[in-house]
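S.K.: Spelled out, the chains give:
Protein chains: 2
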Amino acid sequence: MYGLIGKMKAVPGQRDALISILLEGVSSMPGCLSYVVAQDPADTDAIWVTEVWDSQASHKASLSLPSVKDAISRGKPLIASFDKYIETVPVGGHGIKAAA
Amino acid sequence: MYGLIGKMKAVPGQRDALISILLEGVSSMPGCLSYVVAQDPADTDAIWVTEVWDSQASHKASLSLPSVKDAISRGKPLIASFDKYIETVPVGGHGIKAAA
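Note that the protein sequences, when read in sequence, are chains A and B. Letter by letter, the first sequence follows residues 1 to 100 in our numbering. Letter by letter, the second sequence follows residues 1 to 100 in our numbering.
None of these hints come from the bench; they were simulated from the model. Quick caveat: nothing in here was measured; it's all calculated off a predicted structure. Keep in mind that a hint or two might mislead.
One copy or any two copies: either way a pair holds, since identical chains are not told apart in the list.
What the hints assert, rightly or not - In silico BS3-like links for lysine-lysine, alpha-carbon gap of 30 Å or less:
1. K60 with K84
2. K84 with K9
3. K69 with K84
4. K60 with K76
5. K9 with K76
6. K9 with K69
7. K60 with K9
Turn these sequences into a full structure, and let the hints guide you.
M.R.: Written as structure tokens, this is what we have:
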């Protein structure tokens, strides 16, 4: 499996709008086993995204899906910065079996 | 919802043993919507744990479950340090609906 833990900051006041875009269509990405979007309670602009994929190739392929490309183009102007981008190797757990 | 993103370091050589303990019984914790254990590919001792709970109270209550208390007592000697403990507020996504 392939995992990502990312933290981004929205342009001030745009966190909710950015979260809505991030949550669109997350249930229909082939190979995506988990994709969770969370607010950072300590920073009103910050968003955490944690992802589990069956493979790094599936994650890469998702970036070419029309729905994802569209979301990226609409989300980009609302992103102020990427603060963290951590790759992981998930080995098991609960909630990662509902493969798309 | 209540989320946690944690990073811990195992005692050298004990990562796999610690991961096995962390994965025991994770599917039977009331209120736990997602619990993913991952290796850090950049650090042979490091483990990432990402959790989603229906509430902070459910997470707190889990620490009193006999199975969890037992796992903590067996896992503790294998942990060298806790490097990160980030609380989040998950707002949606994929893979968090398989509630226990």
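S.K.: Now tell me, hint by hint, if it's right for this structure.
M.R.: So, going through the hints one by one against the coordinates:
1. For a Cα distance limit of 30 Å, the shortest separation of K60 from K84 qualifies both inside one copy, at 18 Å, and across copies, at 27 Å.
2. In this assembly of identical chains, the alpha carbons of K84 and K9 lie at most 30 Å apart whether taken from the same copy (10 Å) or from different copies (19 Å).
3. For the homomeric pair K69 and K84, the shortest alpha-carbon distance inside one copy (21 Å) is at most 30 Å, but the shortest distance between copies (32 Å) is not.
4. Proximity of K60 and K76 under a CA criterion of 30 Å is satisfied intra-copy only: 18 Å inside one chain copy versus 37 Å between copies.
5. In this homomeric assembly, K9 and K76 come within 30 Å of each other (Cα to Cα) only inside a single copy, at 11 Å, whereas the closest approach across copies is 35 Å.
6. In this assembly of identical chains, the alpha carbons of K9 and K69 lie at most 30 Å apart only when taken from the same copy (20 Å versus 37 Å across copies).
7. Proximity of K60 to K9 under the C-alpha cut-off of 30 Å is found in both arrangements, the shortest distances being 22 Å within a copy and 29 Å between copies.
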